[in-house]
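Turn these sequences into a full structure, and let the hints steer you where they fit.
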Amino acid sequence: MSNDVILDLMQIILLTLGTVVVMITAAFKRDHGLVNALTLVSLSAALLVFVFIAPVLPQQATILLMIDGYSLFFSTLIIIGALVVTTLAYPYFEKHNQQNEEFYILLMIGTLGAVILAASNHFVSFFLGMEILSISLYAMIAYPIHKQDAAKFPLEASVKYLILSGLSSASILFGVALLYAQSGTLSFDAIPAAVAALELDADPVFIVGLMMIMAGVAFKLSLVPFHIWTPDVYEGAPVPVTAFIATLSKAAMLAVSLRLIIAAKAFQFEQVTIVLSLLAAASMIVGNLLAVQQNNVKRILAYSSIAHLGYLLVVIITAAVLPDSLSVEAMTYYIAAYFLTSLAGFAVISALSNAGRELDDISDYQGLFWRNPWLAAVMTVVLLSLAGIPLTVGFIGKFYIFSVGVEGNLWFLLSLLIIGSGIGLYYYLRLVYAMLLSPADMLKPEADAAKASLPAGIHLVLASLTALILYLGVYPAPLIATLQSLASGF
Amino acid sequence: MILVWLMIILFVGGLGAWLAEGLGRGIPRVIALATILLDLLLVILMLAAPDLLGIGALSQASLGQQGDWLVLFSADWIPRFGISFIFGADGLSLLLIALTVFLGLIAIGSAWHEITERPGFFYFNLLWTLAGVIGVFTALDLFLFFFFWEVMLIPMYFIIAIWGHENKAYAAMKFFIFTQVSGLLMLLAIMVLVWFHYQASGFLSFSYFELLGTELPAGAAMWVMLGFFIAFATKLPAVPFHSWLPDAHSQAPTAGSVILAGVLLKTGAYGLIRFTVPLFPEVSMQFAPVAMTLGAVSILYTAKVAFAQNDLKRLIAYTSVSHMGFVLLGVYAWNAQAVQGAVMTMLAHGLSAAALFMLAGGIQHRIHTRDMDKMGGLWAVVPKMSFMALFFTVAAVGMPSLGNFVGEFLVLLGSFQVSITITAFAALGLIVAAVYSLIVIQKVFHGENRNTHEMADLSTIEMLCFSLMMIGLIWMGLYPQSMLDMAAPTLQSLNVAFP
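Residue numbers (the working numbering), protein chains in the order written: chain Z, 3 to 492; chain B, 470 to 968.
Where hints are given, some of them may not hold.
[Claimed, not checked] Some, not all, of what chain Z presents toward chain B, calculated at C-beta under 7 Å:
| hint | residue |
| --- | --- |
| 1 | Gly168 |
| 2 | Ile391 |
| 3 | Pro392 |
| 4 | Phe404 |
| 5 | Ser405 |
| 6 | Val408 |
| 7 | Ile420 |
| 8 | Ser423 |
| 9 | Gly424 |
| 10 | Leu427 |
| 11 | Leu431 |
| 12 | Tyr435 |
| 13 | Leu438 |
| 14 | Ile482 |
[As the list claims (entries may be wrong)] Ranges between beta-carbon positions, derived for each pair:
| hint | chain 1 | residue 1 | chain 2 | residue 2 | range |
| --- | --- | --- | --- | --- | --- |
| 15 | Z | Leu36 | B | Glu635 | 51 to 59 Å |
| 16 | B | Asp926 | Z | Ser365 | 40 to 48 Å |
| 17 | Z | Asn298 | B | Glu917 | 50 to 58 Å |
| 18 | B | Ala903 | Z | Val323 | 55 to 63 Å |
[Stated by the list, open to error] Some chain Z residues well away from chain B (every beta-carbon gap over 12 Å; in silico):
| hint | residue |
| --- | --- |
| 19 | Thr18 |
| 20 | Gln101 |
| 21 | Ala141 |
| 22 | Leu416 |
No wet-lab data here; the hints were simulated from the structure.
In this text, a Cβ means the ideal position worked out from N, Cα and C, and glycines have one as well.
Rendered as C-alpha cells:
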C-alpha cells in the first residue's frame, strides 16, 4: 500500500482511532463530559485532517474504496452531522440517563460506517459500511432502554428498525449475489463492461438482482411503499438519534446509491427508470398527505423526509437523460440543503427536550415565538427552508430540481412536485402558526426550564446551521462552484 | 444603486424597529416612520429632481435593453445559471414605487394607535413587505423577480397570522398557499423559458432583456404563458383564482389590508404588463379574449357577491376584485388607451381601496364589529369619518374628476376597440358598483343608530392620512396626464400600439 493511499484513508483511520480512544477512555473513567469532549475532538480531527495534508484525488484507495471530491464532500457532511449530534446528545442525556458513555462509541462507529459508504464503489464495502452503520443504529435507538421513564419507546423503535433494516439488508445481499452470479464482478465500475460483454441487458436474473437492491435501498431511504418504519422509528428514538437517522444515514445511503446507479449505468435498463419514477411519485404524494394528519413534530418531519426523498428521486431520474455531472451537482446540492435544514430542525427539538421529557407535540410549540424567540426563529427558518421558500438553502435546492426536471422533460413528476409542495406548505405553516400563537395559558414549565440551562454548544450549533441555511440561500455561488467541480469527475 | 438603497433602507429600518422594541413600546413606530419618510424623500427626489441624484434618463444600449431606463443597477449573483442582480426602474416602475412608499406611510399611520402588541416585530414585517414589493417592481432578472415575489409573502403572512382577527389562521394559510403554489407554476414556466432560450442561444440567462423575444414552439408557448398568467391572476386576483382575497383582507389588521389592497394586488397587474404579454406577445394575443372575458366576469360576478356581504371588510375586498377586473381587461386589450387606463386604475384603486380598508378598520377598532347590520346612523356620531367614507366610496364608484373614473373610462374606451361585447358587459359593472356602494353608505352611516354606538371621530393622524389620499385622487382625476406621461415611454417600449 503506497503512501498516497494511506494519506487518502487518513479520515477513516482517524475515525477508527478515535473510536478506540473513546472506548478505552470510557472503560477506565466513566465521565460523560470527558467522553463527549473526546468524541468532539476525534470527529474534528477527522473533519479537519485534509485541511492540513493534501489528499491525492481522485484515487482508488484499495479495491474497496474510492476517495474523490464526491466522497470527501459527503464525508465532510457526515462528520459535521456527527459533531452536531454529539453536541446535542450531551445535554439530552446528562442528568436524565445513567451511563451515557457507550453512546459515543456507537456514534463514532456509525459515523465510520457512513463515511465508508460514501467512499465505496464496490459491493463489499457497500455492504460492510451499511451494516456497520445499521448495527450501531439499532443500539443507539434503544439506548435509553434501561431508563424507567424514558421519554419515548426506544425498544419498540429499535426492534422495528432491526427487523425491517435486517430484511432490507438481506434483500440487498441477495440482489448482489444475483448480480455477481450473472456478471462475475462486485465492482461498480466493472458492471457496464460485463453487461456489454455478456449481453445481460435483458437478462431476467440480472434485472431481478437490480430490483432487489433497489428495494433494499428504498427501505433504507424510506421511500413509499417501503416507508412504514420511518415515523415510528423517528418518534420512538431519542431526538439526537433521530437526527442521526434523518441526516447521516440517509446522506450516506444516497451517496452510495447515486454512485452505483451512475457507475453501473443502471439507466440502460428501462425498468430502473420506471420503478424509480413510481417510487418518486408515490413518495411525494403519500409522504405529504400523511404528514398533514400528524400532530407530532417528529412524525411530521418523518413524513416530510419521505416527501423530500421523493423530490430528490426526481433529480436522480434525470440522470437517465442528462449528463451525469449535472444530475450529480443538483443532487449533491439538494442533499446538502436537506441535510443542514433537518439537522437544524432536530437540533431545535433536541434543545427543547431531554431523555426524560421530549417536547415533540405540536401543542408544545404553541407560543414558542414569545417564550423563546431564538429557538422559534431557527425553527421557522428550518420550516421555510423545508418548504423551499427563497432566502433559504431549501429554495436553491428546489430551484435545482426544477432546472434539471425541465431539462429532463419530467413534466408529470414536476407537476406532482408542485402539488406536493402545496400540501407541504400546509403542515409546515401549521407549525409556524402554532409557534406564533399567544402562549397565554399554555405555558409549559418544563419548556422554560429547558431553555434556562442550554449549554453554549447548542447555541453555537443552532447559530452556525441557521447562518449556513440563510447564507447558502442568498449566496449559493461558492457551494455551486465546489459541487460543479466535484461533479465533473463523473 | 439608488434603487438598492430604497430597499436597504427599508430592510435596515425594519431590523432597527424590531431591535428597538426593548427600548420602549413607542420607539419602533417612530423608527418605522423615519425609515419610510427617508424612502419617500428619495422617491420624491427621483421623480422631481433626478439630476440631483445623477440618475437622469440613461439609454444604456450597451446592456441591450430597450427603452429608457431611469435607473439601473446590475451585478453578478449566481453565474452558474446566468442569474444576476439587475434592478431597473422606468416610468411605470417609478409610479408604482411611489405608490408603494406612499401607502407604506399611510399604513404606518393606520397602525400608529392600533398595533399595541409586539409593535417591533409588526413594523419589521411591514417594512420588509414594502422592501419586497419594491424589489418586485424593479427586478429585471426573472430569478430575482421570483425571489422578491416570494420574499414579500412571508412578512405578510406574519402580519395576518399574528395581528389578524378571529379567523386568522385559516386566512393566512390560504393566502400563503394560493400565492406559493401559483408562484411555483411561474417558477416552472420561468425555467422552461430559460431552457428554450438556452437551446436557441447556447447560454443560460435569466435576464429579462435577454429573454425578451425568445422564440418558443407554438405548443409550449401557451403553457409557459399560462404559468405566468396564473401566478399573476392569482395575485391580481381574477376569478376563478380570487377566493383567498376576501379571507386575507377581512382577517388582516388594518395596515395589512391597506398594503394588501393598495400594493400587493398591483404586483399581479405589474407582472402581466411587464412580463406576461411582452415575453409572449403572440400567444398572449390569442389568449386575450379569454383573459378579457375573465376580466369582465370578475367585474360583474364579484360586484354581485360584494352586494351580498354583511361583513364590511369582505364587501370592500370583493369590490377590489371587481376593480382589478378592469385592470385585467385593460391589459389584454393591449392598446394605448386601455393599458394607460389599467395603469391609472392601479394607482387610483391603490389609494381608494387603501382608504376604504382604513375606514373599515377604523370602525372595527372602535366598535369591534365588521357586521354592517349592527351599524347604522353613524353619520351623526362621526361626521368627519362619514364624510371621508362618502368621498372614497364615490371615488371608487368612478365619479368623474377623481382618479378611478379616468382609469376605468380609459380601459373601457380602449377595450371597446377590441371587443364591443365584452366591453358592454364590463361597463355594466359601473352600475352594479354604484348599487353596492350606496348600500354601504346607507347601512353604515344613514338610518337609525340602533346600537347607539359611541365612538371617537377621526384622530389627527387619520385625518392627515385621508387628506393625503384625497389630494392624490383629486390630482389623478384632474391632471392624469402627469402620470400618463410617465408611463407612456414604458408602454411604448413594450410595443403597446400607440395611435
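Hint check results:
no. : hint                                : in the structure
1   : Gly168                              : violated (40 Å)
2   : Ile391                              : holds (6 Å)
3   : Pro392                              : holds (5 Å)
4   : Phe404                              : holds (5 Å)
5   : Ser405                              : holds (6 Å)
6   : Val408                              : holds (4 Å)
7   : Ile420                              : holds (5 Å)
8   : Ser423                              : holds (6 Å)
9   : Gly424                              : holds (4 Å)
10  : Leu427                              : holds (5 Å)
11  : Leu431                              : holds (5 Å)
12  : Tyr435                              : holds (5 Å)
13  : Leu438                              : holds (5 Å)
14  : Ile482                              : holds (5 Å)
15  : Leu36(Z) <-> Glu635(B): 51 to 59 Å  : holds (56 Å)
16  : Asp926(B) <-> Ser365(Z): 40 to 48 Å : holds (44 Å)
17  : Asn298(Z) <-> Glu917(B): 50 to 58 Å : holds (55 Å)
18  : Ala903(B) <-> Val323(Z): 55 to 63 Å : holds (59 Å)
19  : Thr18                               : holds (37 Å)
20  : Gln101                              : holds (44 Å)
21  : Ala141                              : holds (42 Å)
22  : Leu416                              : violated (6 Å)
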